[in-house]
Amino acid sequence: MKIISGFLKGRVVSWQEIKGTRPTMDRVKESLFAMIQGYVKDSVVLDLFSGSGNLGFEAISNGARFCYFNDISKRCTKSIISNVKEFHIEDKVEILNYDYKRALAYFKENAISFDLIFLDPPYKEKIQNDIIDYIKENQLLNHQGIIICEADQLYLNVDCYQKIKEKKYGDKYIVIYKNIL
7 MKIISGFLKG RVVSWQEIKG TRPTMDRVKE SLFAMIQGYV KDSVVLDLFS GSGNLGFEAI
67 SNGARFCYFN DISKRCTKSI ISNVKEFHIE DKVEILNYDY KRALAYFKEN AISFDLIFLD
127 PPYKEKIQND IIDYIKENQL LNHQGIIICE ADQLYLNVDC YQKIKEKKYG DKYIVIYKNI
187 L
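Position 4 of the sequence shown, counting from 1, maps to 10 under my numbering, and the rest follow consecutively.
Treat the hints as calculated values from the structure; they're not laboratory data.
We put the CB at the ideal spot given by N, CA and C, even for glycine.
Any given hint could be a false lead.
Stated by the list, open to error - Label pairs and their in silico Cβ distance ranges:
id: 1; residue 1: 143; residue 2: 91; range: 29 to 37 Å
id: 2; residue 1: 112; residue 2: 16; range: 14 to 22 Å
id: 3; residue 1: 37; residue 2: 17; range: 15 to 23 Å
id: 4; residue 1: 116; residue 2: 33; range: 31 to 39 Å
id: 5; residue 1: 116; residue 2: 166; range: 18 to 26 Å
Stated by the list, open to error - Calculated lysine-lysine pairs in the DSS-like style (CA-CA distance at most 30 Å, straight line):
id: 6; residue 1: 91; residue 2: 80
id: 7; residue 1: 15; residue 2: 142
id: 8; residue 1: 91; residue 2: 142
All chains, full assembly: derive it from the sequences and hints.
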């Protein structure tokens, strides 16, 4: 996987294949970042189910001010730490190794909110609606902030944010919600 644009363009995101993870393909990532380009600069980003960190790294490369990476897998977080050091972006990241509920509680307890949230949990768990409800109830998404959801089917039932974009790529969907209230 390569970073496709920004100051880290062309850098390879080192990654070990880990069961249960599926990095976003470069062509999907390129299209996704074209859709959200106006939201990335100077943003505070959460990559909640980071895996390789691919999306968070792309956001930083394109001008995000700070990114919180979180993944329950120690192997994933070790890989992210290695890439952060390789890219010399230690001052732009915090890396957590929590399950998603503990990570969300951490952000709530520390009054950390986001401009951009990447939400790509394991498809089979179907937990995106619950996570989005928690984000809304605890004001973790800033006004005009967006949530980018990746899913294998459109089971999302979100009425607390405005859907601004939906696109299908092969067997997956990208849906973008915006906090307009």
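We went through each hint and held it up to the structure:
1. Range check, residue 143 to residue 91: Cβ separation about 36 Å, and the 29 to 37 Å hint holds.
2. In this structure the hint that residue 112 and residue 16 lie 14 to 22 Å apart at CB is violated, the actual value being about 33 Å.
3. Under the hint 15 to 23 Å, the C-beta atoms of residue 37 and residue 17, about 20 Å apart, fit the expected range.
4. The given range of 31 to 39 Å is respected by residue 116 and residue 33, whose C-beta atoms sit roughly 36 Å from each other.
5. Our hint of 18 to 26 Å for residue 116 and residue 166 holds, since their Cβ atoms are close to 22 Å apart.
6. As the CA atoms of residue 91 and residue 80 are separated by approximately 17 Å, the hinted pair is consistent with the 30 Å bound.
7. For the given pair, residue 15 sits about 33 Å from residue 142 by alpha-carbon distance, which is inconsistent with the 30 Å threshold.
8. Distance hint between residue 91 and residue 142 is unfulfilled; the C-alpha atoms sit about 33 Å from each other, more than 30 Å.
Hints 2, 7, 8 from the earlier list are contradicted by this structure; the remaining hints agree with it.
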